[in-house]
Every structure is written in structure tokens, then in C-alpha cells.
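Trainee: Single-letter residue listing:
There are 2 protein chains.
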Amino acid sequence: MTDKRVYYFGNNKAEGSASDKYLLGGKGANLHEMTNLGLPVPPGFTVTTNVCKEYYEVGERFPAGLEDEMRGALQKMEETLGRKFGDAANPLLVSVRSGAAFSMPGMMDTVLNLGLNDETAKGMAKLTNNERFVYDSYRRFIAMFGDVVLGMKPTSKHEPDPFEVALSKKKRDRGVELDSDLDGAALKELVDEYKALIRELTPHQFPQDPWQQLNAAVGAVFRSWNNPRAQTYRALNGIPSHLGTAVNVQAMVFGNMGNDCATGVAFTRDPSTGEKRFFGEYLINAQGEDVVAGIRTPQTINVSGPGIDPETTLERKMPELYRELDGFRRKLEAHYKDMQDMEFTIQEGRLWLLQTRNGKRTAPAAVRIAVEMVHEGMIDKKTAVMRVSPAQIDQLLHPMLDPKAQRTVVAKGLPASPGAATGRIVFSADEAEARGRKNERVILVRVETSPEDVHGMHYAVGILTSRGGMTSHAAVVARGMGRPCVVGCGEVSIDYASGTMTARGHKLRENDLVTLDGTTGEIMLGEVATVQAGGSASFDELMTWVDEFRRLKVRTNVDTPEDAVIARRFGAEGIGLCRTEHMFFQADRILAMREMILADSETGRRTALAKIAPMQRGDFEGIFKAMDGLPVTIRLLDPPLHEFLPHEEADIRAVADALGRDIQVVRAKKDALHEFNPMLGLRGCRLGIVHAEIYEMQVRAILEAAVHMQKQGVRVIPEIMIPLISEPRELQRLRAVVEKVAKAVFDEQSASVEFRIGTMIEIPRAALLSAEIAKHADFYSFGTNDLTQMTFGLSRDDAGSFLPGYVEQSLLDEDPFQVLDQDGVGALVKFACEHGRKAKPQLKLGICGEHGGEPKSVEFCHRTGLDYVSCSPFRVPIARMAAAQAVLRETK
Amino acid sequence: MTDKRVYYFGNNKAEGSASDKYLLGGKGANLHEMTNLGLPVPPGFTVTTNVCKEYYEVGERFPAGLEDEMRGALQKMEETLGRKFGDAANPLLVSVRSGAAFSMPGMMDTVLNLGLNDETAKGMAKLTNNERFVYDSYRRFIAMFGDVVLGMKPTSKHEPDPFEVALSKKKRDRGVELDSDLDGAALKELVDEYKALIRELTPHQFPQDPWQQLNAAVGAVFRSWNNPRAQTYRALNGIPSHLGTAVNVQAMVFGNMGNDCATGVAFTRDPSTGEKRFFGEYLINAQGEDVVAGIRTPQTINVSGPGIDPETTLERKMPELYRELDGFRRKLEAHYKDMQDMEFTIQEGRLWLLQTRNGKRTAPAAVRIAVEMVHEGMIDKKTAVMRVSPAQIDQLLHPMLDPKAQRTVVAKGLPASPGAATGRIVFSADEAEARGRKNERVILVRVETSPEDVHGMHYAVGILTSRGGMTSHAAVVARGMGRPCVVGCGEVSIDYASGTMTARGHKLRENDLVTLDGTTGEIMLGEVATVQAGGSASFDELMTWVDEFRRLKVRTNVDTPEDAVIARRFGAEGIGLCRTEHMFFQADRILAMREMILADSETGRRTALAKIAPMQRGDFEGIFKAMDGLPVTIRLLDPPLHEFLPHEEADIRAVADALGRDIQVVRAKKDALHEFNPMLGLRGCRLGIVHAEIYEMQVRAILEAAVHMQKQGVRVIPEIMIPLISEPRELQRLRAVVEKVAKAVFDEQSASVEFRIGTMIEIPRAALLSAEIAKHADFYSFGTNDLTQMTFGLSRDDAGSFLPGYVEQSLLDEDPFQVLDQDGVGALVKFACEHGRKAKPQLKLGICGEHGGEPKSVEFCHRTGLDYVSCSPFRVPIARMAAAQAVLRETK
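Chains A and B, in that order, are what the protein sequence lines are. Take -16 as the starting number for the first sequence in the numbering used here and just add one per residue. Take -16 as the starting number for the second sequence in the numbering used here and just add one per residue.
Please note that a few of the clues may not be correct.
For identical chains, the list gives no copy identity; a pair is met inside one copy or between any two copies.
[To be verified] 25 Å max Cα-Cα, derived SDA-like pairs, lysine to any residue:
{"id": "1", "residue 1": "653", "residue 2": "780"}
{"id": "2", "residue 1": "653", "residue 2": "430"}
{"id": "3", "residue 1": "395", "residue 2": "654"}
{"id": "4", "residue 1": "395", "residue 2": "656"}
{"id": "5", "residue 1": "105", "residue 2": "694"}
{"id": "6", "residue 1": "758", "residue 2": "792"}
{"id": "7", "residue 1": "653", "residue 2": "433"}
{"id": "8", "residue 1": "387", "residue 2": "248"}
{"id": "9", "residue 1": "594", "residue 2": "758"}
{"id": "10", "residue 1": "653", "residue 2": "625"}
{"id": "11", "residue 1": "653", "residue 2": "485"}
{"id": "12", "residue 1": "821", "residue 2": "-14"}
{"id": "13", "residue 1": "608", "residue 2": "334"}
{"id": "14", "residue 1": "723", "residue 2": "307"}
{"id": "15", "residue 1": "813", "residue 2": "754"}
{"id": "16", "residue 1": "758", "residue 2": "221"}
{"id": "17", "residue 1": "136", "residue 2": "169"}
{"id": "18", "residue 1": "300", "residue 2": "338"}
{"id": "19", "residue 1": "490", "residue 2": "656"}
{"id": "20", "residue 1": "300", "residue 2": "23"}
{"id": "21", "residue 1": "67", "residue 2": "264"}
{"id": "22", "residue 1": "314", "residue 2": "108"}
{"id": "23", "residue 1": "821", "residue 2": "114"}
Derived by calculation from the structure, the hints in this document are not laboratory data. Values in this document were obtained by computation on a predicted structure and should not be read as measured data.
Kindly produce the complete structure, drawing on both the sequences and the hints.
Mentor: Now the structure itself:
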């Protein structure tokens, strides 16, 4: 720990620099950096983050010697500015702001105008000849001091702030509407009233001594590091608590002293589009917060778009200062080599920079700026790739709500599949299909969805469920389809019988128009305007760089040739998971499937399966063709058979009639197949063991399709995947079945194809016995959805009742169905990889759970040495980006 | 590998001994040992197990030199007996028998009377003057040769054996009923017909050359080592396949050559009671298989019980030989230091011993023999403890079916809780209770049971379910109660509506009398006589030795003071698992529980809980008192709340009425609480997180009870156990809740008790994060039931549809709910122990899953270094025995 506690900046010379982020905080480090660059930054000093730690170590008190160092730095400020702290004639006022190494916007506290007291206020009023300005500043300071330092800030939105109450009363008494309508005398009265409030509501007096004010404010900022909001924010964003915050004490400058004053925010490039042009907004005679709070509408600094009156721009009104600002803009961007978000204030004709930081930007802007900066020679490709977050890639590929549009939110659920959609409510999949086919835009609203709803989901523009989590059926299928989807929306209560849903007191009926935002999870009344995002030349170029860097392959989870084509367009390098069960739900097969389930003998089952076989073969042919030259991993039947039987009495009757069976037989079968915990029941390879004929039919269909397509010149690379292995002998047995069928098919066809046999690792025991299982497997695909369920003892369909609360209360860092749990599930994945590779070095390793498209999880897969990740088509570009960034982060 | 392939025995001198079990097989080693002891064993030789391996290595052929060694040994036999192999005048006949290191009864093949051919048969007939005897032996030899050597043995019971067919035909033709009624001429004809059958049905001729016969028979025995039956038996019994079998070639002796001949089986002590007296059965003029097959009723060798005519005994009929036999009996038992099962044959007034081995015995006999042999100075206590298997301890504590009783088995399920019971069928728990209260003996028959059935199970004498596995609710509760129980009996089809059950075509109605055997899983019509087993002075003495040796403590899983008293009597050293949920099902509490569940607010829930609190406190007081001085681990509420709500419409209405709530509310709550996979849902500590008030009430009840009982002089050692932890922060949070309540209670009561806070490890992730979880735990209790379910991805309630098949087909060695899966689940247990102890060396470790009473699992717990196991009261003695044997096996 360095001994120096206070770092001075001012007069083009600072004791710190941008590289001192951990010591001086992000904001502080940039103030020092800008000062060194010769930019006009009001002088000040930074109390280091180490002092924050000391503060807590010695029991929330100033460590000895700190005040002396602060006094020394303040003296330098006084010398630089020719004003004196606490001097009645020419007082120096300061701001006191927090500033940690990582941005925690709005979490910690700030005090402005510090140094004002009854004496200095009088002096200032004389000096500026602007009593109104001075007492407005003074009353604001007292209020901030009361709130921040003396703990008078209300803890909830519902409690009134006593200072606000007094202000409102004053306006009423004076018969005015706006704060700015109050004159100097009224504000002077308010100052006294504010001081009285402090006396009444706290055991303290408002201190007149500026040093007492300053010490108290610095201590308050340190304490704000540990306020509950800040703690929660850090927990959520993975910011270590031991870092502490720095405190920046800086000379005040004022944009609200008259018409030669102004304040504004500017971006070095357009943050919406990324276009290389100066973009900013400002207000004459205003304070920084006025721009943000939106009480007055700010003007643009230049003619940056249609409909702007040139006369209102800073460029026209203060051309010299504008030109100066533009110069700073170029200097800052060239220096930081990234788009900057600058705060400036003009006080009495002099331009000050108060802050610079990397600017927030939309996804399209992020891509364009990164790519253009490479073209400009400003950054290299690696830096460009690191500049665009995977989440931004996600945004790019889905329509978004127009951020400016008005909306009435009536419910909020889990943001399961990004993008926005507006449509009319329907409550059944059949209705959704019927109306979707007529090109009507419908939102399918269900308590939850099942495979029987897939056809309706396909025809809906958006999906809403009141139950289920981020990997619920609805969520998975919707993401696969790229359909906006909100799930687990407990605020919505659905009544199928009456065809209504209720949300926050609004009763909505079938056919009512709603909008849902799958990016935020919000449900809104009526139509809300959307903007279409999408690819661009910049995007394409960026993605070629991404592919240059990454080591991890990215495959996709698709079940149909059509989706395979889409996924390939998104850059998929094969299919990592082709689920065969969805194929059985199509109208022409479900009956044969049900016949198979109801059959009393193996012969009966084989007869029924023989009807499905040619259709399955056709499915696989289409997929092999779409994936010409790329590997296709096909999972054999996985779900429990009861999923294929109807549950409603009418449907049961229909099935019985169609198959010419007694309804009692169908009902009895349904009951016999019922399971208490289907997740842990007769499914996956257990079906293949009990009814080998099902897997035999599927393997035959796959390999006949492969041989057939190969004869037509398609390069087929089939990988047959056996699900739900928990014991090596299961895989050994089923591998033999697959090989037996393969031999038969190749003999019959007088041809053969290369193929692999592998397994999902989705049961903890399979991971634990990896060394044995690897002996019978050519590849592993980690089914991290089920592996998460079993490792956590957590059903994804049921966890909605408590899992969100767990994350809110920081009992878990994240929903483990969204972000792979590296401590538990990840430990099993790692163990299985290490032991599997030791037993069989050429073992191919991949992941096909939903985590395969989630950036942090992709990075984990990279570090763990997997060969590929596989995810839904729309997440393929996200995974590519995450995989590239994982490499770059590693080499850094 | 030794070079010597053939070991001779004969004339009181053998080349091997009892210690050569692996080389000569168990049977062979004992033949050598008996020969060396000077006992009259027919001479012979043993071909070693190594030759079996060689036989397979060289491609199922005799290794070079083997025949020469065999010829040498046979020559010695000829010299000893003065007969010659293949000699027409005075032929030597031999038996050829398998004999592996471990007994595999009936799995491999035997050929008798080898050496007979057309010539030697004629010679024998002249020599013995008994043509009938000789041709009967000859035709039996040909049939065995055909079956065993030439592969004519039918592969299923439904196929006819051609030799049996010919024999039957012969009897019909001659108009006789018994084999023994056929005369020499008829048997001579049969010999020719048998030879013709071999010619017709195989490509071979029956060989006349005795050496060709012998070589073929020895090879056939080697091949029988790998027949499917033998392979399956080895897989099931964990016998390594590489051991191979030895072959014993021994001179034939005949007990069926006339009235100076006999054959019999004798035990050195009574195998039923263990009493120290000579016990055996014999037949004059008979073959060994006649005694076994039960065609003739054998006589006892002495007056060993009431109703025996002394004139029929061997003791009276052949007093010299009996005395000789009794001498051998003493010699053998003194030599082997265990009760022996001897086979003897008397040929023409001369006594031969054909086999000795440790005798099978009933459980009471095992205990008595072991204890008395210690008293006799024959063995030490350690040996005595190793002589009684834990399964025998189990048998001792439950009534058993009388082995001699007639029975009609109509179904077979899983043997879930041992013991036999006869009673009248009832189909509902209420009915069971109503009639049980009137002291009627009823069998409760359900598809499955739930906590709502517990009161009825308590009043039933036995329980039968058509669904569920060995750890299903019915099985667990029944074992806990010591009630005989058969579960997962799929052959039984139950129709509640008509009050009938169907099994193997029998339709049974309510009130019909049935008997079930929880030790075998069989269901029988009507009453079948039972015998009461139980403790004894010998048993008590043995168990004190057991307790001297074991390190592992044994606790019990009980929920009531009554059961606690029983468990203590069985030797329980504390409670390892007290489930609190069963307490809520009692009539006086379930309503308050339901009121709590239906409450709309925390306040409402607290009000309802306050009604339950005093009753809970009373429960715990009783348990603390019963367990004075011993630790009591109490698990906080674990099952999902929906288990406490009724499911039938009428019951829902009743609850709504009782609580004065709208039926819609009750129904809606039931629906809202419904879960797809309740095993993985909102239960265990998740309930405690979501509704802290429930756990607060329980902790308060526990500690108030503890303080109260302590004031009354009871030594209380409460351990509060939090279930279903998957994340360290859950335990951290709930530990704080427990400590807060404890402080409040101790302050209020001005007293405190020592107590521990711990957790179940029952979710894989908890085991994986043990190093972190241990920081917040004073103890771990492994809940291996749930840990098995999640590690295997296997619901114990649903696994019945395929798990038995897995075990039958050797896809799994055992049902993992019965025997702890050491490879997977055990690996997690071990990992959690190691990492937990590393983080906290004083961490107490136990297991409270059903495996805690299963011997192999107990041994695993011992080896893994757990502090205790906990199991249902009736399994406590089993666990004590297994724990002691684990120590003794380790030191061996």
C-alpha cells in the first residue's frame, strides 16, 4: 500500500494518470489523465481507494494524517484558482464525488457546492451579483448535505423527502410553478427552513465550518460504498467489495450563472448509429442535472439531423467555444482510442471539461465504431472484437422496441427470447396456427407450452407463458425459432375457459392487442413501435475477424432442414443437437407413434415404427443435405413416451377411435406411463434399453439417409448420440445395437459411411464415471440443461416459484439455467473432460445445453478445452463472438 | 503358474490341501484335506483351475501333456483300488465334477459312472451279479454324456429331454410306473435306444473308449465354466471370470448296490436350531440324488426328535458304521472349526465320505453355533462375529413363513420389508385404521402410498403396493415400522372402485385373506403358517462382541418417542434422522398446517403456525426424553407443501369448509403448488428460505423442548439439520436464522442448551461444494436416497418400470436404492467427506439414507471414515453387525 493518500490535479499537471484506475477510481483517473493532456479540467484532488479501506479498518474514521494531506492539496487548488476555501470575499466551492474502479452509476453519493455557508454565500452573492443563483446553490447544498451526510435521504420512493416538501410548499406559497420561478428572497428563506429541518430531524446542526463540511462529506462517500444498493450492485456485477471507492474533490464550475454559461454532454461519434460525427446536447444557463432530468429540452450542439434549427446550436451561438470543444473531442478520441462521452460546462464564457469516459452505444453503433476505427488505423482487429459485447450481437439480430415509444407495462416476466413483437392474443396453439396461416400477427398466451404447441408457436409472432423458466419448453423452442418470448410471467393470470388474462388489474381478452419485449420481459398494452435491427457490412466484417481469433467451433441445435439453413447462414459449423422427438409430433406421424406406444408386443411396436421409418429417413436426408460437409449430431429419442399421448378426455377418445382401440386401453396406458418425476423417469437411453426397436428404427433411418445422400454426392458426417447415460454398460449395450444396425444397413446398401457414436453427459453419475464411459464413446456432448437440473436438484419447470428470489437475494449469483454454474455443474464438466480425455485422448467434446449460446458459459467451455459449443441458430453469432473474446482475454 | 496340472488324492495321502482352494477349487481342496486327515475318501485326482485357463488360451483344447498326467494319476487310482479303467473283468468307474474356488451350486456340469461301455457293463454285471444296477447306471451315464458333453441338454424347461421321453415310453410299454420298476432287460434295451438317440440327434457316436469318454467329459466341464447360467451367476455374485474351474475325477462308489449299501447327508450340528447334536438323513440302497430329489422319504440317522422310530435309524441298523460316521463328524468339525455338511455313501458295508463343506444354517442356528463354539474354545470372538451375516440378523428380527408350509403364490414383487404377515385385504388407509383398531389383522393394498396413508399403515399387519421401489414411501415407512411389506408388485392390478385386485388370474376382493412375505416378495392366497423368530441369550451375547469391535456408531431414523424407545432397545446410539413432517399429518395438526399453506400473508402463516408450535414442542420433548444422553438430529420441514393438501374433490371441499375458505381458493392453491417434478421443486431448505417463519417455528419448538427437558434433568443433545442444501449461502442464511431464534429462546428461558447446526448432503452440488458448505456446518448427514436419485437421474417412485430389468440384465450390479452405488454416489460422498474435513477437521459425518442399514453400504461408510450410520430401528442390529465385520475384514 502506497503511503500517499491524496493525488492532486490542476494546471495541466496531475499526480495520477488513466492507468491508476484501481488507486484513483475510473472517474478520478480520467480527471488526472485529462489534466495531463492539457485539457481545461477544474483543479482538484483524489483521495485514493486505499484510504477507503483504511477508513473501514480504523472503524469508520479518517486515518491520521489524511486531513493534513487534503489541506495541502486544497491549498494548491486555492493557489491555482486564486480563491480561498471558506473565504467570505472570494470563496472556493468544491464538489465531492465518489469514483470506484468500476462504474457503479447512481449507487454512491455526491455533494455539490460544498464550501457555502452563511458568510461565503453573502460573499458569493456580492461577487456574482446574482443572489438568486447563490441561494439556489446554497439550498441545494444543504439538502444534499442533509440527505447524504446526515442520512435524511428517504429509503423508499414512497417516503417524502422533507426538503422537497418544503420546496413544494414554498412554491405554493409564492404561487409559482417551477423551481426557477422562485426568486432570491424565497430561496434565502428556504435556506433557513432547510437548516431548521436538519436541526429538527437529526441530532446535528448544519455545519458552517467548510472543513467540517468537507470531512463529513468525504466520510459519507466512503460510507456510501457499503450502502445496501451498492452492495447489491457489486454482488450482481461481480465487483469485489474490497476495492473501495476513491473520492474526488474538485473546484465547482457553474453553467447556470447567466447566458454566457451553459452545460452539456457530447459524444465523439453518434452513439445511436456509430456514424463518425460530433453529436451532443446542451442547455444555456443550466446545471448538469437539468440536461439529464429532462425538465428543459436540450438543444443539439450542431446540425446533426433533420428538423434542427441551426440558430439553436452551440456551433452558431458560441462558435469559438464550439470549435474548442470539437478540438477536445478529437484529442480525447485519439488519446483514448474509443468513442468518448464528455461532460462540459461553460462558465462565463470559459469552457471546462468535467468528465470523459467511454461512451455507451447501441449495438449497431458498437459494431460500426469498432470496424471503422480499425479502418482508421486507430485500433487493431483484436481490440475491435473486444469492443462489441456478445449481448450487443444478440440485440443486433432481433427487432427492438423503439426506445422513444410510449408504453403501458402491465406485467413483467423472464426475458426468454429477445426481440419485440406486437399481436393479438390467442390462447391455443391451434388458433395461433389457424390465424397465423392467414398472416395475422398473433401472440400465443399459455400457462406453459408442450411439444403439442410447437406448431402454434411457429405461427405466432411472440409467445407469453405465465409459468416456466429461461430454459422452459417455451423458452427453448422460441429461441430456436428466433421468436420473441416472455416466460414465467407470474403477474399474468390466465383463464382458458373464459378466454381472458389478467395483469396488474387489466383484464385482457382474446383478440386484444399486446406488445411483448423478449429482451426485457415486459408485456405492454396495444402496439408499441419497434425498430428493425439487423446485420450490416460492418457486422459481416467484424464477424470475419471474430472467426480468425476463436478456437472453439460453434454448432447449432436445430431439428429441421429449414432451421439448419438459417443456422448455417449465422455461421454454424455443424449441428450439435438434432432432437428427433419433435419430428414425431407432426400430424402424419403422431398417430403411428401412438400406435407404437399402445402396442402390446414388440411385433406390434415394430409394425408401427415401420410406418414412421420412411418419414424419419426423409427428415434426416433433408438435414444432411442442408449441412453438406459439416457434422450432424442426432440424438436418439429422449422424452418419456407419455409426452406423446393426449391428456384431455376428448383427445383420448379421438386417439382410441383413430386407432380402433378401446378407450379404456388408451386411458390405462396413459395412467401406466404416468410418472411422479418424469425428469428422472423412463426416458433417454432407458427407453432404448427397454424398447430396443425404437432406437433400431432411428439408427436405420439415419444411416439409410446418410448412405442415400452420400450416393447423391452430399458429404455426410453423421454422429449418433445416445442420451441420458448414467452407467457405462448402458452405452456399451446400445453402442452394440447401433453397430449391429449399421452393419446390416451397409450390407444391404453395399455402401458405407463414416459415422461416430457418442453420448450426452447430462447425469452427474455419467460425469463421475467418465473414465469408463469414454471407452465406449467417440464423443461427449454435455447436456448442461439436465446436468444443471440434477446437479442442483432443481426442476427447470418448477424453479420459477423460488429461483428468481434466490438471484434477487444474492443466494445465487445468476440463474444457473441461463449462466452455467461453474462451481458445481462446471466442476462436473471439467472432471468428465479430464477423465474422458485421459481414457481416450481423441475424444471429441462439446456442449449442447442452452448454455452453449451464453457468453460466460462459452468462455468456460473454451477454458475447459471443449472442441465446440452448440446453441440455437440465433445465438450462433453470439457464441462465435464469445469464443473469440475468450481467446483474446486469455492472451491478454 | 505352477507346472503341475494334476493333483492326486487317495490312500490317506493327497498332493493338495484345504488351503489350495484357488488352485483345486473348494470341493477338490476339501477332498484332498479329508484324504490327508485319514478319512475314507474314494481316491481320485483334481485337474487344476489353471488348466481351465490354459484350455481357453489354446482354443478350447487340452494343453499338451495334460492327458499324460491324467493317465499317471488314474494309474495310481487303479493301483489303490485294484481295478482297471476300461477293464472288462474288473472295471474302474469314475465321476467327473466341476469345482470352482467359490461355490456355484448347480451352475456347472457333472458326469457320473464314466468308464462304462458295452464291455465293461457286461463285466460289471458278472462281477456284481446285478444286471439291473449295472444297466441302470449305464443308461444314466449315456444320458448325462449326451446332455453334458454332446450338448443335448434342453435349453428351456419347456423343451423335452429326448432321454426322458424314451424312458417314459419304456415305462408305458412295460406297464410300470416307477423307474425302479424297470428290470435289467428293459434297461438294457434303453441303453441301445439312448445310443441310437445320440447317433440321430448329434453328429457323434457314443464313444466306447473310456479315455475318449474321460477327455470329452473333462473338456465339457471346462466349457461349462462359460455357459450363460454360470456367467450370470458369477456376475451377480461378483466372482471373477478369470478364476476358472477345477475338475475332480474320482472313483465311483455306489450306495445302490443292495441292502448293505446306503447314502446320506449329515450335519455336525443341527442346522435349524444350532443345537450341538448329530443330525442327518439317509436311505438304504439308494443314490445320492434320491435323497435330494425327494422321491423316497429319507430316514434320520439317529433319534433326533419326537416321533422317530428308533428301528429306522442308521444308528440301530448299522451301529458300527454309525459310530464310525460319528467319529468322522467330530474329527471334521474339530478340524474345520465350523459346522460341517457331510455327504457319505456306504457301499457293501464300507463307509465312504464324498464331500464335506461348511453347512448352511438358519439365522438362529448361525448365532447359536458361533456363540457356543466360542464357549467351547473352538473359535475366538472375532471369528464368531464374522460367522453371522447381517442378513441373518435381519431374519432373526422378523417373523418368518414356516418353510414347510404349503402355499399358493399369486404374485411376486420387491421384498421391501422382511417378515411375513397374514390378514384381510383392505384398500384404504382409513379402513385399515378402523379395522386395525378393532384388533383385526388387515393387509393394506394400495397402488402406492403417500404420507396420508401412514396412519393406516400403522394399523395394518402388512402392506402391498403395485408400484414403487425398495425405497418408495411404502417401503421406507414399512421398514421403519418393522411391518412386512411388498412393493412394486406389477403382477397385481388394483381396482379401487370395485374393491378388487387381480393377480395371475385370481380375482381377490376386499376382506379376502392373503399372506405376504416381505423377505421374498411373494403374495399367497389364504393363511400360510409362520414361525416367530427373535432374539436369544446367544444373540445378546454375540451383539456385545459386535459392539466391542466396531468403530462406526449406529443411530436410528425415527419420528416418534415410541419408535425411539424401540430403537434404543435395538442398540441405537442416538437419532440420526427425525423427520418432522410426519408430525404434521396427525389429525390435530393437519388442519392448522393447511391453514398455514392457504394463508395469504406471512402474518396469516405465523398465526397458523402458532397453533402447531405447542404440539411440535410436545413431540420433541418426548423424543428428547426417550433419547436421554444421546444425540437427536432433527430435520426441519422437507416435503413440498402440496403434499399436505388433499387431492380429491370431496376432500378439497371438506378442507375449504373446515377452514371457512372458498373452495376455489383451495383448488387454486393446490394448482399453484403443483409441480412437474416435485422431487426437484420447492422443498427442503428452499421452503425455509421462502417462508422463514416455518423454520423459525420449528427451531423454537426444538429448543424450547430442549430447555424444558434439560430443566427436568434430561441430558439433551439436539442437532438441527437443514435439508436440501445446494449452495453454501443457503446454509449460511439459515444458520443465521437458527442462531437468531436460539438466542431469543435462551434469553426468554434464562437457560441454554448446547446444540449443533448441520445439513443434509443430498444434492450432488452440495457434495461438490463441500469445502465451502463445511464452513457453515457442524455436521453433515448424507441423505443417500435423494443423492442417489439425483446422481443417477432416477426417481425412486418411477424407476420400478425399468430398474429391476437393469439388474436382471446386469446393466447394474444392484438396485442403487438398496445398495449404495460406490462408483458414483459413493464417489460424491467420499469427495464431500475429504473436502469437508479438510475445511473443518472436527466436522461430524453420518449417513441417514436407507443405505445406513445395508451391510455393504455400512462397510463403505466405515472405509470412508464416517462417524455414524443411521437406519430404521429394525435395521440397527444389522448395521451394528456390518460395522463390526467391516473392522474385522479390514484387519484381516
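Trainee: All the hints need checking, so say for each whether the structure fits it.
Mentor: For each hint, the structure was consulted:
no., hint, verdict
1, 653 x 780, "both (21 Å within a copy, 17 Å between copies)"
2, 653 x 430, "both (22 Å within a copy, 15 Å between copies)"
3, 395 x 654, "between (37 Å within a copy, 22 Å between copies)"
4, 395 x 656, "between (36 Å within a copy, 21 Å between copies)"
5, 105 x 694, "neither (95 Å within a copy, 73 Å between copies)"
6, 758 x 792, "between (44 Å within a copy, 20 Å between copies)"
7, 653 x 433, "both (16 Å within a copy, 21 Å between copies)"
8, 387 x 248, "within (19 Å within a copy, 99 Å between copies)"
9, 594 x 758, "neither (35 Å within a copy, 59 Å between copies)"
10, 653 x 625, "both (6 Å within a copy, 23 Å between copies)"
11, 653 x 485, "between (33 Å within a copy, 20 Å between copies)"
12, 821 x -14, "neither (51 Å within a copy, 39 Å between copies)"
13, 608 x 334, "neither (65 Å within a copy, 83 Å between copies)"
14, 723 x 307, "neither (80 Å within a copy, 63 Å between copies)"
15, 813 x 754, "both (12 Å within a copy, 18 Å between copies)"
16, 758 x 221, "between (40 Å within a copy, 22 Å between copies)"
17, 136 x 169, "within (23 Å within a copy, 116 Å between copies)"
18, 300 x 338, "within (23 Å within a copy, 119 Å between copies)"
19, 490 x 656, "between (38 Å within a copy, 24 Å between copies)"
20, 300 x 23, "within (20 Å within a copy, 129 Å between copies)"
21, 67 x 264, "neither (33 Å within a copy, 121 Å between copies)"
22, 314 x 108, "neither (37 Å within a copy, 124 Å between copies)"
23, 821 x 114, "neither (80 Å within a copy, 70 Å between copies)"
Violated hints, in rising order: 5, 9, 12, 13, 14, 21, 22 and 23; the structure is consistent with all others.
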